[in-house]
Amino acid sequence: MNTGWPNFVVLAIMLTGCSFQAERPAPVDTLSSKNHGPRYHKGSLKNDKYKVRKGDTLYSIAWGAGRNFVEVARLNRLSPPYTIYPGQSLNLAATNNSQIAAIRAPQPYVNSIQTQAITKPYISASDSSKLKTIKSSAAPKPGPAV
999 MNTGWPNFVV LAIMLTGCSF QAERPAPVDT LSSKNHGPRY HKGSLKNDKY KVRKGDTLYS
1059 IAWGAGRNFV EVARLNRLSP PYTIYPGQSL NLAATNNSQI AAIRAPQPYV NSIQTQAITK
1119 PYISASDSSK LKTIKSSAAP KPGPAV
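Under our numbering, the first residue of the sequence shown is numbered 999, with each subsequent residue one higher.
Just so you know, not all the hints are guaranteed correct.
Derived DEER-like restraints, expressed as beta-carbon distance ranges [said to hold, decoys possible]:
1) S1042 - Q1105: 39 to 47 Å
2) P1004 - A1024: 55 to 63 Å
3) A1010 - T1081: 31 to 39 Å
4) T1055 - A1010: 49 to 57 Å
Straight-line C-alpha distance at most 20 Å; calculated SDA-like pairs for lysine to any residue [as the list claims (entries may be wrong)]:
5) K1044 - R1072
6) K1044 - L1056
7) K1047 - A1071
8) K1047 - P1025
9) K1049 - A1024
10) K1049 - L1013
11) K1049 - V1026
12) K1040 - R1065
13) K1047 - S1058
14) K1052 - S1042
15) K1040 - T1055
16) K1047 - N1074
17) K1044 - N1005
18) K1040 - P1025
19) K1044 - R1022
20) K1044 - G1062
21) K1052 - Q1086
22) K1049 - R1037
23) K1049 - Y1038
24) K1047 - G1002
25) K1047 - R1065
Treat the hints as calculated values from the structure; they're not laboratory data.
Just so you know, these numbers come straight off a predicted model, no measurement behind them.
Don't be surprised by glycine CBs; every beta carbon is placed ideally from N, CA and C.
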């Protein structure tokens, strides 16, 4: 008896299932559609304040202002993950000198530790008799095994 025909039927069913086409293919967005690309061109936001709109990100707003997003977050006291909300007003430029971190010029290093020369760097053999010796009673005594 030939047992190859059940394998052939299973293979034919599998191939038929793989060749099935959906009536409606999945939608495809291309990179050329209007929804993609930067919302703002670099440096296009010239105002010192910006009101957040739906779909804005801190990165896109900072890009439009020509600033680093971390700097804009610092100006607005935002911490990671830098969440912003529609209607929120963001400062894009420091309004006074107190908001700008001052960078101090490097100062020369001044050693304030006083050093002295070592007059007696070692103990001679004749001075070693002045050292205290350890008495044998201070040595550890054997105890019960743990």
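Hint numbers not upheld by this structure, sorted from lowest to highest: Hints 2, 3, 8, 9, 10, 11, 17, 18, 19, 24 contradicted; others consistent.
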